[in-house]
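Whenever a hint applies, use it, and build me the whole structure from the sequences.
2 protein chains.
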Amino acid sequence: MVEKKSIAVIGLGSMGYGIAQSVLRAGHTTYGFDINPDAVARFQAEGGAAGALSDVAGRLDAVMVVVLNAAQTEAVLFGADGVVPRLKPGAVVISCATVAPDFARAMEAACEEKGLNYLDAPISGGSKKAAEGALSIMASGTPDAFAAAQPVLDATAGTVFELGDSAGAGSAMKAVNQLLAGVHIAAMAEALTFGMTQGVTPEKFVEVISKCAGTSWMLENRAPHIVDGDYTPHSSVDIWPKDLGIVLDIAKSAKFGAPLTAAALQQFLAASGSGLGREDDAAVAKVYARNAGLTLPGES
Amino acid sequence: MVEKKSIAVIGLGSMGYGIAQSVLRAGHTTYGFDINPDAVARFQAEGGAAGALSDVAGRLDAVMVVVLNAAQTEAVLFGADGVVPRLKPGAVVISCATVAPDFARAMEAACEEKGLNYLDAPISGGSKKAAEGALSIMASGTPDAFAAAQPVLDATAGTVFELGDSAGAGSAMKAVNQLLAGVHIAAMAEALTFGMTQGVTPEKFVEVISKCAGTSWMLENRAPHIVDGDYTPHSSVDIWPKDLGIVLDIAKSAKFGAPLTAAALQQFLAASGSGLGREDDAAVAKVYARNAGLTLPGES
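Taken in order, these protein sequences are the chains called E and W. When the count follows the numbering used here, it moves up by one through the first sequence with no breaks and lands on 432 for the last residue. When the count follows the numbering used here, it moves up by one through the second sequence with no breaks and lands on 432 for the last residue.
Check the hints yourself; a few may be wrong.
For chains that are exact copies, the list does not tell them apart, and a pair is met inside one copy or across any two.
[What the hints assert, rightly or not] Listed next, the in silico SDA-like pairs over lysine to any residue satisfying Cα-Cα at most 25 Å (straight line): (1) K343 with I371; (2) K387 with L401; (3) K374 with P391; (4) K336 with G296; (5) K260 with E339; (6) K336 with G211.
Hints in this document: simulated from the structure, not taken from any laboratory.
In structure tokens, the structure reads:
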């Protein structure tokens, strides 16, 4: 039997909603909060607990923050209606957004000052794994933070990478992963459309390259979206100007030149700038196709 | 029982030597030729058949050409001492170098004019798989060319992708694969060294990222070389200015912009230009490390 905890998930987007469902399924009293009241109502209808965050905060054992970036994380924790001042001592803040390692360290220090635990816990795996409770979590924090977060990690993660005993290490690894994931999506789009200019169909591309040295996790996951002409967003184009921007900000601070990351970012910016920001990130292929006069599957 | 054929492998480099061994092991009369007489003598000592190419050419059922590029392929086939004029009708030329699809089509036409079969058959998998007879071969050619090449394909390939009934399709798919493979090696190096600036060790990078969405076949294959500080060339840096150069030549002909490929090529050129050309291609990480003031494992 799982010990029943009171847990809030703040941010019910494509990742946070699935996380909240997984926490609820594990038997905890689970609150879901979002600026979109429809998402909150939908989650309560599925069994989520009701109550204003300001009212229930003092009873929470853990708060998982699943928002878009550092600014939203800081607002949720320390803004005008921030939750941190209302949490009870020993509660844990689990922060999932992709942020700079320095930001994670600052949040940890600010939480510890209030007697709270902080787990730097960026997530990977997409909305499907979030809903299944099978995320990969790149976590770092004190042993106390890990212990306090354990019920939430058990409910949401397939794999927890324990990367160190203070915040920052988790966010550093997440940045490394996002660098590669973003570059690999753009590279897949570049190679798939390049192949089309030489008579290689998208179907044949997936069939052959997924079994060859040129394959990647992202290629196998995203290239089928192009074959199907289906750009329903699992993860949207607009994630990448944000995440690769964070990577390049960190890189700049470290005086680290990242030319492939920079080139990939340009392609996602072109995708976003031309109106594809809300489509699945595989839609970066449309930038290449447009520039080369190619017609992708499903386009007329 | 395999029907015993007479087969020549021209080019006994890291790929060709293993291919010749695999053909020999399958029970065929196998000749190995190279401009390096030591490689030829070594192969004959292992059981390879003796004789000058000009003397034995008329008896050959198949010639597998495993040289570096289009110029060498053309010289071996149609140069001053080229083998094509000496081959018997119905013999098959199996061409493995990474070349432009147009070049493959021209070679096929020139061979067919002489009554010979031609299989456009670029290879993938590295020297270890070549020696094991477990290569991936991206093949296209007439049904007669496939039939004539079958004993050689059986001896050398784990997987044969049959990509079409004329030359060009095999080379197109190989170019697509090389685009991705080259970009992925450079991206791995970029991410690994970026991670080092944030306290992520190369060991931890491999351990975590190989299980996350940022992984690629090349990352899993090459990043351990950096962890081990072992740059013994399985596939050398100098392959990539050549192969990505071929990709960009094809792309330019098709008026196709390939910014990630171009960025990756620059990194391999910097590696080659700074004296790393003969090292394993994972040594492209040394360019990043040098530029960022980092020390890789095994470096003092």
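Now for the hints, and whether the structure bears them out:
For the homomeric pair K343 and I371, the shortest alpha-carbon distance between copies (21 Å) is at most 25 Å, but the shortest distance inside one copy (28 Å) is not. For a Cα distance limit of 25 Å, the shortest separation of K387 from L401 qualifies both inside one copy, at 23 Å, and across copies, at 21 Å. In this assembly of identical chains, the alpha carbons of K374 and P391 lie at most 25 Å apart whether taken from the same copy (17 Å) or from different copies (20 Å). Proximity of K336 and G296 under a CA criterion of 25 Å is satisfied inter-copy only: 11 Å between copies versus 43 Å inside one chain copy.
In this homomeric assembly, K260 and E339 come within 25 Å of each other (Cα to Cα) both inside a single copy, at 23 Å, and across copies, at 24 Å. Taking the shortest Cα distances, K336 and G211 never come within 25 Å of each other, neither inside one copy (51 Å) nor across copies (35 Å).
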